[in-house]
Amino acid sequence: MKKPIVSVKNYSLTIGDKKIVKDLSFEVLPGEVFAFLGANGSGKTSTIRSLLGIYETTSGELLVNGKKLTPETASIVGYLPEERGLYTRSKVLDTMTYFGELKGMSRDDAKKEALAYLERVDLADKAGVTLKKLSGGQQQKVQLGVAIIGDPKLLILDEPTKGLDPVNRKLLLNIVDELQQSGTAVIYITHLMEEVERLADRVLILKDGHSRAYGTVAKLKKDFKSQSIEDIFVSIYNESSAEAAK
Amino acid sequence: MSKLKPVIRHEYLTIVKQPTFWLAMIAIPAVFAGIIALNYFSNQSSANRIEELAENLENVAIVDESSLISEAVVNSAGLTLYPESEKEALRQSVQEGDTEALVVYPESIAEDRKYQIYLANPDVSLTTSVGSLADTILQSSIYLPLGDANIIALAQQGAEGQIITYDEGRETAGFNEYVVPGIFLVLFYVIFLFSIGYMLSSVSEEKENRSMEMVLTYVKSRDLIIGKLLAVTLVTFTQLAFFSVLGAIGFLVAQSLGNEMSLPFGISIDELVFDPLTIFFALSFLVIGFLLFSGLMTTVASIAPSSKEANNFATFFYIAPWVPFWFVMPILTDPENSVVRFLTYFPATSPVVAQMRNTVGNIGTLELWLVLGVMFAFMLASIWLAVKAFKLGALEFGSTIKLSKLFTK
Numbered sequence: 001m002k003k004p005i006v007s008v009k010n011y012s013l014t015i016g017d018k019k020i021v022k023d024l025s026f027e028v029l030p031g032e033v034f035a036f037l038g039a040n041g042s043g044k045t046s047t048i049r050s051l052l053g054i055y056e057t058t059s060g061e062l063l064v065n066g067k068k069l070t071p072e073t074a075s076i077v078g079y080l081p082e083e084r085g086l087y088t089r090s091k092v093l094d095t096m097t098y099f100g101e102l103k104g105m106s107r108d109d110a111k112k113e114a115l116a117y118l119e120r121v122d123l124a125d126k127a128g129v130t131l132k133k134l135s136g137g138q139q140q141k142v143q144l145g146v147a148i149i150g151d152p153k154l155l156i157l158d159e160p161t162k163g164l165d166p167v168n169r170k171l172l173l174n175i176v177d178e179l180q181q182s183g184t185a186v187i188y189i190t191h192l193m194e195e196v197e198r199l200a201d202r203v204l205i206l207k208d209g210h211s212r213a214y215g216t217v218a219k220l221k222k223d224f225k226s227q228s229i230e231d232i233f234v235s236i237y238n239e240s241s242a243e244a245a246k
Numbered sequence: 001m002s003k004l005k006p007v008i009r010h011e012y013l014t015i016v017k018q019p020t021f022w023l024a025m026i027a028i029p030a031v032f033a034g035i036i037a038l039n040y041f042s043n044q045s046s047a048n049r050i051e052e053l054a055e056n057l058e059n060v061a062i063v064d065e066s067s068l069i070s071e072a073v074v075n076s077a078g079l080t081l082y083p084e085s086e087k088e089a090l091r092q093s094v095q096e097g098d099t100e101a102l103v104v105y106p107e108s109i110a111e112d113r114k115y116q117i118y119l120a121n122p123d124v125s126l127t128t129s130v131g132s133l134a135d136t137i138l139q140s141s142i143y144l145p146l147g148d149a150n151i152i153a154l155a156q157q158g159a160e161g162q163i164i165t166y167d168e169g170r171e172t173a174g175f176n177e178y179v180v181p182g183i184f185l186v187l188f189y190v191i192f193l194f195s196i197g198y199m200l201s202s203v204s205e206e207k208e209n210r211s212m213e214m215v216l217t218y219v220k221s222r223d224l225i226i227g228k229l230l231a232v233t234l235v236t237f238t239q240l241a242f243f244s245v246l247g248a249i250g251f252l253v254a255q256s257l258g259n260e261m262s263l264p265f266g267i268s269i270d271e272l273v274f275d276p277l278t279i280f281f282a283l284s285f286l287v288i289g290f291l292l293f294s295g296l297m298t299t300v301a302s303i304a305p306s307s308k309e310a311n312n313f314a315t316f317f318y319i320a321p322w323v324p325f326w327f328v329m330p331i332l333t334d335p336e337n338s339v340v341r342f343l344t345y346f347p348a349t350s351p352v353v354a355q356m357r358n359t360v361g362n363i364g365t366l367e368l369w370l371v372l373g374v375m376f377a378f379m380l381a382s383i384w385l386a387v388k389a390f391k392l393g394a395l396e397f398g399s400t401i402k403l404s405k406l407f408t409k
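From first to last, the protein sequence lines stand for chains E and F. Per the numbering used here, the first sequence starts with residue 1, numbered consecutively. Per the numbering used here, the second sequence starts with residue 1, numbered consecutively.
The following block holds chain F by itself, in its conformation from the complex (with noise of 0.2 Å):
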């Protein structure tokens, strides 16, 4: 226990007084604000340009084939509802630069539900506002019989469904059910993308940089391993409590500038809801989800000479968690699918696609122990065999174990 100590702090500081580190963590932070800051100006940006075009659109003829188009409509929008005997003429106009844009809705516009824009220049902005301005004439035209103009807008946007859910008789808060275990199967991504290959440098680079035959001297391979683990896992509270710190600053500023906090999906901060189980299920997953890669991480650095080659065979550790993306239509709505239930168990999908079910509650109580257990089992086994290629491959400076010696005795 008292040489796990200095393990643990070693490690933990090693990794921590990277400026590497800090740097990455305000990084990426910074980067995803700066990406929606720049994603938001440039948006508005070209909003501003399409509805400056728009008004600066008088150069526009219409042209009405289908007798769909009411002229009250076009005239609005400061155009000219030209007759069909014209269409020609105006297309050459077009084509030669004279006209800016001709729309043509053509007769069949109802059965094939297509119409022409002719444009001048192949201006994107000129594409986007043109197109903009005929669909708008084209609806404003269809809708106007309807009169009333919340009913036109009722037609032309459709209205919200409010949902109610009943479980078993009891009025659930529905996506607000998902909202706290699914932020578990976010911390999973966080730690994973940032702390599982700590795991893999802190072993790789100790036997590059040929320390560790020192170490071993003095510190026991089990104990050693087990510190590397203790010390990441501590690396990553870190991380967490950092975000958190963040978030909470983040939350703060924005009700301090009296913004009230606009969340998708109808989520409502109050209607959160704290299933103790469904928590701990996520709350076990996340941290032997941890564990379990971590294991097979440390496997690949001990089995592989260098860092530069432990990086390559980590390749498929590092892919793994997110292929159940590729699946997650199944895995939300068809557990019973035998490719979902595989993904369920398999210990490199499992921790996600388990917090994926329990997160929207496709899952019974019995599975989720059943999966618990199993996910429990692959991490022992993870970490015996972390010790056992460690033991095998510490020393093993010049080639890479074989898999087939981590099974024999």
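Okay, chain E solo, but in the shape it has when bound (with noise of 0.2 Å):
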């Protein structure tokens, strides 16, 4: 069996008095895609924000290749965050090396990949712009590009197709598709069930801080006797209103 890249072992969040996560533990493996699913609150960011070194933990342990994760060994993982942005006064490629600078790169390879990757969405031509120039759908590539600069081990996307048309939404699972299939391990965080069928090899579904499916897409729908994804996670959600309703 591979060796995680991610392990979660009794995680727990409390801020203030409110419990955020409690005692949660998953495993993410190399070169698959591991859909982290929950509702609006059910404490999706701040695992990942505790992985990710920016919250502290309350207990538990949380590590990435083995080791907690920091800002100087940070630069494995590629995170696109739901609360997105860019330095709109920027250019495009300024932004991009310098997030791969951040990660480690050299100023000059930093700039390559960032180029190459332009090229690859067809926003070459827009390297000397300033973000606020692009369209939305630009500046969410733009947003892309600098998560994965840098050949992350590690890929977090949370929400990454959220306002994209059909024709970049496509592009970005076909790029979500080649990175895994060059080994690269990603946690895709999505309300949208279809792309979890179509990307997910394995899936936690967190309600209120709680694991409440954990396994691979297949195991689910054999234990929840189900077809889809998207009938299991609407089950989960359903169970706290049937039990309030009795």
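Simulated from the structure, these hints should not be mistaken for laboratory data. These numbers were taken from a predicted model, which means no experiment stands behind them. Careful, some of the hints might be misleading.
The calculated DSS-like cross-link candidates involving lysine-lysine, where the alpha carbons are at most 27 Å apart (straight line), are [claimed, not checked]:
#1 E:K133 to F:K17
#2 E:K18 to F:K220
#3 E:K18 to F:K3
#4 E:K111 to F:K5
#5 E:K9 to F:K220
#6 F:K391 to E:K67
#7 F:K402 to E:K91
#8 F:K5 to E:K126
Each of the two chains sits in its own frame; use the hints to bring them together as a complex.
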């Protein structure tokens, strides 16, 4: 069995009086797409921030490549957060190069890789343009480029297709496919279950900070006697309504 | 350390690549030069107009009830001195517009120092020119008995007092001693006006455009803040270099035109004093004061959810360095005053007050060290607070961080 790139054991997070995540454990393997699902406020973003070392954990262990992640060791990670944006007054190439440098790349290498990516996503002619002059979809492609520059071993994408048109959405999903083929592990957060069905190898559904379903897509369908991840998700979230109704 | 370099470069270039940065730098001296030029030409034009009016003031009547006015002086101005009995008729003539103006020097002028000017219309130029003419006639008439023209000029204009000051038996350079440390005070305000806001906008914009979370994945909060501080310091040096070059060009142009530089307060370039200890303290107060304010601005930007609210919260810190100007006389003349002592050590006013007192030399070396130590401690505290606020508020996009949270573990 492959050695996991992400290993989360008994992780809990309390902010103020509020318990955000409770005793969460999961693993992500190299080369897999791991769908990390849950309703808004279920604790997904907090878990990711703890994994990245931005939030201090209350208890438990979150390891990437066997180590606690710090800004010094985060170069193996590419992250596209849900609350995302870029320096609107900076030029596209400068922005991508800057993030490449923050990931430990040399300026020249970062520039080369950024230009290759911009070529790939049809934005080469926009390299010298400030971000505020790009459309929303073009800005989103640059944001993805910032996340994947430096050839990360682990890519965390939080609702990456939100707001994209079908053409760009397809392009993004193809890029995710390619990264997966090359051995990159992807933690994929989304509310679009067709994307989960298309991409995911394994799934974790979080509800109120608790893990409510965890395993391969096939296993979850078998366990929940269901035809789709969407039905499983809905049934988990309807449980409380049903319980409350009783 | 390797992460600091790209952060500094990015922050520095983001600011200096903006056309507005250079526009502001060029516009401000240009606006000042424009105001000075406009003021000069406008004054010239007013002076010419008054001179022109004075030359044409032939229809002005003078009545003297005080017996102080010399008829020869009145006549030399091309005017006529009328007897007291015609005063009422002349006043009516002015009222009806037949006579342009009437000046009456009453008997009581020596006691209450008041005389009357009647004018045919409310033209400001007429008011100024007749007033000036009436004053000149009065003064010249009074000084006339002195005889000698030089003595009359001395009595009218006074003489310049040349001050020679001794400090512990040594002759000082007077105002020339204040110039070099005074430049650091000016520099503080230049930096304050131009650069302090960059720290505020750098943090609040990063929060607002939501790039913060991606950056914090790869850079420690502390490194990001330090990188930003160093970048803003570099921006400040760029501005200082720009203004120095501009000043040097201005100086060279003036010299090449053969104009002798006429400086106020008897300042002489040759007599400027460069005291190493005074300069050391002036430079230290400048740098530490700048970093102290940068730390405070970062704290404000970190706890506020948006740049608009950050600007509102920062108003106090924008105003604080100007407060000492309300107390400038006690600061310069009464250093033992308790308000002056408070302002010398209070973090928001200390960089300015310490600089002022160092400039005029009314603070001892021991107290200078003490003020520097206290300011340094406040600077460290402000940076600590900035990092703490940044850690708490960097990813808080919806609400303001409570101040109490900054001081709890």
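| Broken hints, numbered, in rising order? | 3 and 7
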